[in-house]
Amino acid sequence: MERIPILRIGTLLLVTIQVDLYDDLALRLQDDLSNRIAELEATGVLIDISGLEIVDSFIGRTLANIAAIARVLDAETVVVGMQPAVAITLVELGMSLPGIRTALNVDLGMEYLRQAATGENGVGTDHYAE
Amino acid sequence: MRTVSEQIITRSEVLPIRTQIDLVHVRQRVRTWLSEERFTLIDQTKIVTAASELARNALEHGGGGEMEMSLLAVGARKGIRLKFSDHGPGIADISKAMKDGYTTAGGMGLGLSGSRRLMSEFEIQSSPESGTVVTVTRWK
Amino acid sequence: MVKLLKMMRENQERLLTDWLNGLKAIAQRRDLISDVEVREQARKILTLISNPPPDTVLEDFSSEGWQTVRDQLMAISISRVAHGSSPSETAQFLFSLKPPMFKLIREQLTTTPDELFREIDVTNNFIDAMALHIAESYIESRDKVIARQQEEMLELSTPVVTLWDGILALPVIGTLDSTRAQMVMESLLQAIVQTNSRFAILDITGVPTVDTLVAQHLLKTITAARLMGAECILSGIRPQIAQTIVHLGINLNDIVTRSKLADAFRLALDRSGRTVTQKPGNHTPVTAPAAGVS
Ligand SMILES: Nc1ncnc2c1ncn2[C@@H]1O[C@H](COP(=O)(O)OP(=O)(O)O)[C@@H](O)[C@H]1O
Ligand SMILES: [Mg+2]
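Going down the list, the sequences are from chains A, B and C. So in this note's numbering, spot 129 of the first sequence is number 129, and the numbers just go up one at a time. So in this note's numbering, spot 32 of the second sequence is number 32, and the numbers just go up one at a time. So in this note's numbering, spot 31 of the third sequence is number 31, and the numbers just go up one at a time.
Watch out, some of these pointers could steer you wrong.
[As the list claims (entries may be wrong)] Here are the computed lysine to any residue pairs in the SDA-like style, where the Cα-Cα straight-line distance is at most 20 Å: (1) C/260 <-> C/240; (2) C/279 <-> C/269; (3) C/144 <-> B/74; (4) B/99 <-> C/248; (5) C/6 <-> C/61; (6) B/99 <-> A/6; (7) C/144 <-> B/15.
Worth flagging that the hints you see were computed from the coordinates, not collected in a lab.
With the hints as extra help, turn the sequences into a complete structure.
Written out as structure tokens, the structure is:
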């Protein structure tokens with residue numbers, strides 16, 4: 001059965017999505033991540049989607065679900081590398097993924113997760129009110 | 001004699017929508033055509049995303065169907081038309097189904113309304129007897 | 001009509017001379033395009049028509065064999081567009097080939113009236129087809145030129161500038177319509193990726209007014225930037241625009257705004273862990289990097 005590999009770095013989990021996701025593959029990733037977060041007591045999950053050419057409402061919902069599940073399991077999620085065309089399309093589609101932290105690239109995403117784990121100020125971007 | 005305003009179909013192809021893997025094929029095939037026809041990256045992304053939404057609807061709500069993809073030319077202007085048809089139960093209340101967030105299947109309820117925003121033209125026909133046909137077009 | 005092609009090959013120089021004389025007589029605007037260039041274009045067309053690949057017939061201009069002629073007509077239409085000729089002048093260039101052709105046919109080919117009619121008919125249709133093709137090519141070329149110019153103007157009017165390492169600004173000046181708002185959105189998001197900037201300031205001090213659609217575009221830009229991992233700060237909102245935004249029912253709590261570009265810049269510096277201080281006894285402001293962030 002095809003699976004998306006999950007990499008572990010310390011207490012962080014790292015996923016790079018490069019293939020065109022079919023629905024079951026996305027759901028399997030959601031399952032696998034939930035299990036690994038609990039099993040390894042991970043503090044953060046980084047999902048690199050720079051290789052994704054589209055994010056439709058199904059994938060968008062899966063990303064939001066992963067972030068919500070992780071939060072319940074006491075881990076932060078950051079989605080990094082969304083392409084401009086994908087972002088514009090997603091907004092037009094009507095999904096602004098309000099509950100998801102984002103960062104420009106893997107480095108900034110990792111930095112955010114490390115700081116979040118030690119309680120420092122984040123470098124990721126979130127919806128915040130003034 | 002060819003007049004400038006006449007609409008011509010220059011290419012067309014039919015793809016099945018029976019399995020999840022078919023959804024992947026639909027996205028890839030639409031993408032290939034669009035890049036061959038030099039649509040901008042943003043247009044490509046919008047159109048492929050709409051195709052993904054509508055193909056998934058045909059599969060999940062319509063029990064499977066097909067997509068007919070046509071390349072249009074009006075003078076020097078090019079466009080792509082995607083027609084999704086299935087023989088499923090049809091949509092009971094189209095105006096409700098077109099609303100953001102409306103879903104009968106625990107989805108995001110953005111497939112129909114979102115695709116309409118992503119494309120230039122949107123048309124929907126549905127009945128319990130003949131199923132659902134959604135036709136969308138985007139001009140370059 | 002192999003005979004016709006042979007006749008053209010054998011009389012190419014004469015056809016050319018007659019054609020060019022005819023063109024002069026109907027007074028094409030010679031200020032637009034030089035005689036030398038017209039002569040060169042006419043010569044190329046004649047050579048290509050008289051020497052087509054084997055089995056190519058005059059009866060079917062849309063066939064594969066005439067591709068080189070069609071390409072040449074396209075090239076001519078591009079040069080005519082560039083010189084500012086009109087579409088009818090461009091088509092007239094080909095129609096002027098009819099009289100010399102008919103004259104030659106009468107003199108050299110005919111045996112019977114039926115045949116004369118057929119030859120003239122074939123020639124006539126072929127030249128019409130060429131004229132139609134060049135007219136369509138002309139329109140296509142002109143559309144392309146217009147589209148390119150519009151694009152260039154739009155690009156010129158949306159300059160993204162780097163204010164600081166990781167901080168971009170896009171000062172928008174002039175009225176925003178939907179197309180330009182779209183362009184602003186695309187260039188800003190593209191620049192964010194290219195320069196790896198976590199902060200982007202969208203300054204609309206120079207925008208007199210926005211309509212509902214444009215306000216929505218701006219908000220979409222801000223949301224898209226956030227999805228990519230960058231933060232947008234909106235600065236320079238005029239009172240009228242503030243009213244439009246409020247009227248739209250848009251929750252301004254979701255957007256970070258500052259009244260002036262300078263304030264937005266200060267906020268971005270602050271958020272990226274930098275502060276602006278003034279050295280004692282020196283009135284030039286300088287920046288001292290603070291802890292942590294590079
Ligand atoms: N092809 C179809 N056949 C039957 N019903 C459909 C079809 N497409 C859409 N619908 C109905 O319209 C609703 C809204 O569709 P959509 O906007 O794509 O949201 P979602 O698929 O997330 O539910 C669906 O929940 C379903 O009830
Ligand atoms: Mg749907």
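Comparing the hints with the structure gives:
A distance of roughly 16 Å separates the Cα atoms of residue 260 of chain C and residue 240 of chain C; the hinted pair therefore holds under the 20 Å criterion. Of the supplied pair hints, the one linking residue 279 of chain C and residue 269 of chain C holds, its CA atoms being roughly 18 Å apart against a limit of 20 Å. For a cut-off of 20 Å, the pair hint linking residue 144 of chain C to residue 74 of chain B stands: about 15 Å separates their Cα positions. Distance restraint check for residue 99 of chain B and residue 248 of chain C: the Cα-Cα separation of roughly 19 Å lies within the 20 Å cut-off, and the hinted pair is therefore satisfied.
Among the hinted pairs, residue 6 of chain C with residue 61 of chain C is consistent with the structure: their alpha-carbon atoms are about 18 Å apart, no more than 20 Å. Distance check on the hinted pair: residue 99 of chain B and residue 6 of chain A sit about 37 Å apart at the alpha-carbon level, beyond 20 Å; violated. With a CA separation close to 33 Å, the supplied pair residue 144 of chain C and residue 15 of chain B exceeds the 20 Å bound.
The structure fails to meet hints 6 and 7 from the earlier list, while all remaining hints are met.
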